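Participant: Sequence:
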Amino acid sequence: MSNLILQAPSLDASAIEKIAAIVGADGVQELGPTVIRMLGADPSTQAEIKPICEQAKLDFAFIEPIHYLRDVKLLAMDMDSTLITIECIDEIAAAVGRKAEVAAITEAAMRGEITDFAESLTRRVALLEGVPEAALQQVYDQRLQLNVGAKQLVQTATENGIRTLLVSGGFTFFTERLKQQLGIDEAYSNTLEIKNGKLTGRVEGAIVGAQTKADHVARLATELGATKEQIVAVGDGANDLPMLAQAHYSVAYRAKPVVQAQANYALNYSALDSIWNWFRF
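Quick note on our numbering: the sequence shown kicks off at 1 and runs consecutively.
Hints were generated in silico from the structure; no laboratory data involved.
Only true hints are included.
Below, a list of computed lysine to any residue pairs in the SDA-like style, where the Cα atoms sit at most 25 Å apart: (1) Lys99 - Pro132; (2) Lys18 - Glu54; (3) Lys18 - Ala271; (4) Lys57 - Ala21; (5) Lys50 - Val148; (6) Lys195 - Asp141.
For clarity, every value in this text was computed on a predicted model and none was experimentally measured.
Based on the sequences and whatever the hints tell you, model everything.
Facilitator: Shown next, in the form of structure tokens:
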């Protein structure tokens with residue numbers, strides 16, 4: 001048997017009652033106004049409760065074995081549409097009137113329809129040729145916003161000695177600023193080539209793609225002596241799948257269907273920091 005954690009910005013009492021009966025819960029505990037824990041829940045009922053949760057806009061997670069927050073050693077995060085609300089490359093493209101064209105490629109890549117991420121990034125970055133360097137700062141200042149709970153997600157990790165890693169197929173201009181802003185331990189992404197104050201349409205050095213993201217998680221896991229059960233990884237697109245595979249607590253955050261299907265857990269309604277409610281005992 002497992003513990004079942006139910007979370008939502010607003011809990012549906014009737015849905016919770018139905019779910020408790022289906023999973024055969026031994027007890028129901030309120031962990032807060034937006035979190036319920038059901039003890040002794042049967043995980044084989046997942047397919048049965050899923051449509052109820054979707055209708056009531058409840059995030060659910062069967063947690064077994066039980067781990068405590070002190071057991072977690074690594075938090076790995078994607079940036080675009082995970083830690084932040086936007087896809088930075090799409091917003092940069094808006095500066096030259098190419099947002100729709102770039103966004104279409106981004107969406108296809110994140111859905112897994114374009115399997116070669118490096119190729120898709122190269123195509124999109126080429127469309128940024130001539131964008132003024134100042135446009136990057138404008139995106140950061142005017143368009144970039146943290147997703148709800150992002151700051152608290154990182155803060156709780158830091159307070160509990162959990163190493164934090166931001167690894168992105170996006171760009172260092174943004175990851176480095178977020179690293180400093182949030183106090184993230186390590187950040188890796190791609191560097192846009194800039195000459196004479198304008199983007200050249202090229203990336204400097206090797207492209208940080210799906211495998212590179214996974215490699216950084218594996219490297220830190222070895223360095224920290226962390227098992228998969230001690231790693232939390234959060235992402236939303238197909239490019240995150242190899243990274244998510246490194247973690248038992250692989251989290252599809254507002255994710256594309258291909259990621260929802262392969263991650264062990266999903267957050268579709270709750271804030272990012274609600275992940276830590278899985279470790280409250």
